[in-house]
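There are 4 protein chains.
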Amino acid sequence: MLDDVKDDALKRLNYLAGHLDGVRRMIEADAYCPDVLKQTYAVRKAISKLETRILEGHLNSCVAEGIRDGRQEQVVSELMELYDVANR
Amino acid sequence: MLDDVKDDALKRLNYLAGHLDGVRRMIEADAYCPDVLKQTYAVRKAISKLETRILEGHLNSCVAEGIRDGRQEQVVSELMELYDVANR
Amino acid sequence: MLDDVKDDALKRLNYLAGHLDGVRRMIEADAYCPDVLKQTYAVRKAISKLETRILEGHLNSCVAEGIRDGRQEQVVSELMELYDVANR
Amino acid sequence: MLDDVKDDALKRLNYLAGHLDGVRRMIEADAYCPDVLKQTYAVRKAISKLETRILEGHLNSCVAEGIRDGRQEQVVSELMELYDVANR
Chain A
1 MLDDVKDDAL KRLNYLAGHL DGVRRMIEAD AYCPDVLKQT YAVRKAISKL
51 ETRILEGHLN SCVAEGIRDG RQEQVVSELM ELYDVANR
Chain B
89 MLDDVKDDAL KRLNYLAGHL DGVRRMIEAD AYCPDVLKQT YAVRKAISKL
139 ETRILEGHLN SCVAEGIRDG RQEQVVSELM ELYDVANR
Chain C
177 MLDDVKDDAL KRLNYLAGHL DGVRRMIEAD AYCPDVLKQT YAVRKAISKL
227 ETRILEGHLN SCVAEGIRDG RQEQVVSELM ELYDVANR
Chain D
265 MLDDVKDDAL KRLNYLAGHL DGVRRMIEAD AYCPDVLKQT YAVRKAISKL
315 ETRILEGHLN SCVAEGIRDG RQEQVVSELM ELYDVANR
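Residue numbers (the working numbering), protein chains in the order written: chain A, 1 to 88; chain B, 89 to 176; chain C, 177 to 264; chain D, 265 to 352.
Where hints are given, some of them may not hold.
As the list claims (entries may be wrong) - Within a straight-line C-alpha distance of at most 30 Å, the following computed DSSO-like cross-link-like pairs (lysine-lysine) qualify:
#1 225(C) with 309(D)
#2 126(B) with 99(B)
#3 126(B) with 221(C)
#4 275(D) with 187(C)
#5 187(C) with 225(C)
Unchecked claim - Partner residues aside, some chain B positions facing chain A, computed with beta carbon under 8 Å:
#6 97
#7 98
#8 103
#9 104
#10 105
#11 125
#12 138
#13 142
#14 146
#15 173
#16 174
Hints in this document: simulated from the structure, not taken from any laboratory. Because the structure is a prediction, the values reported are computed rather than measured. Glycine is no exception: its CB is placed at the ideal position from the N, C-alpha and C atoms.
Starting from the given sequences, assemble the full structure and let the hints guide the process.
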């Protein structure tokens, strides 16, 4: 993983762990379900944002190198497999 | 929140925190990006599953009671707001 | 289906058919793939919007009546099945 | 667009137009809302499948060529913009 992507990803994960812990405290304190759900939606959005950064880094490093090195079929089929898993 | 939903939600959150920590370790160990992304997709799926349980409990408690108590407009508009936030 | 929801849904479907036909013409004219994809994303968003209207009507009619008529278990399990199909 | 992708896309769009027309007939015939929604979900899934084919063709043609021709920054930023629009 590219260094700046890695640093950013670790910061986001640290924040996500805190966010998820906040959801746990809400549930323990019997918060209103719709309020809990709004927070879990926000956690999922934040994970999507993290994924966007990782994917962009992947395209700009492994995918671009793979295509230049004659491994287009491999890197594209990996991308399509990811896309498939993400939308399953 | 209904007691069994609350117990289940807390167990799921505990598992999710561990899963997210596993993602952090993968990134620190410079795992291959597509492998990291497959794990973050799995975390998001697990959060969706948690949301399904919370939503079901909410429909069977607050929403059903609200409709029987003449507060249909309020509980339905809350549901639609949630739906909107989830799909934004 | 409630009358105003039905009218609205038919108008939206009519518009959607035209939008989808526009996508077909773009593909026939060899439009740039990202431009085609932006249009198919827009079509899917428009279908989601249609679904929101139908779901809201359903909650305000069949679901609310079902709960008042003692068929809570049935209408909630139908909703959860829908939710499951939508997120599959 | 690659020829085989174009042929496949036009076939899928033709089928989609018929599916959408079926949804219109269901609504006109006052079908049960959950049954209508299951069909609109299926239409959206089918559009997603079409998008997968178009995206794969795009990666294997314009994106791969762009990267080999020194336009990596342009093709990757276009992909990320698409990704962003899709998840908005």
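Hint check: residue 187(C) vs residue 225(C), CA-CA at most 30 Å. Holds or violated?
holds (12 Å)
Restraint check, 8 Å cut-off on beta carbons, for residue 104(B) near chain A
Hint on residue 104(B): holds, closest Cβ of chain A at ~6 Å, below 8 Å.
Restraint outcome when residue 105(B) is required to lie within 8 Å of chain A by C-beta distance:
holds (6 Å)
Please verify whether residue 126(B) and residue 221(C) have alpha carbons no more than 30 Å apart.
OK: residue 126(B) and residue 221(C) at ~25 Å, within 30 Å.
Does residue 225(C) pair with residue 309(D) here, judged by a C-alpha cut-off of 30 Å?
holds (15 Å)
Go through the hint on residue 173(B) and say holds or violated, using the shortest Cβ distance to chain A against 8 Å.
holds (6 Å)
Holds or violated: residue 275(D) and residue 187(C), Cα atoms, limit 30 Å.
holds (25 Å)
Could you check if residue 103(B) really has its C-beta closer than 8 Å to a C-beta on chain A?
violated (11 Å)
Can we keep the residue 146(B) interface hint, with Cβ of chain A closer than 8 Å?
At about 4 Å, which falls below the 8 Å cut-off, the nearest Cβ of chain A leaves the hint on residue 146(B) intact, so it holds.
Is residue 126(B) close enough to residue 99(B), meaning Cα to Cα at most 30 Å?
Given pair residue 126(B), residue 99(B) holds - Cα atoms ~22 Å apart, limit 30 Å.
Does the closest beta carbon of chain A sit nearer than 8 Å to the beta carbon of residue 174(B)?
holds (5 Å)
Interface hint check: residue 97(B), Cβ to nearest Cβ on chain A, cutoff 8 Å. Holds or violated?
holds (5 Å)
Going down the numbered hints, you'll see the structure goes against just number 8.
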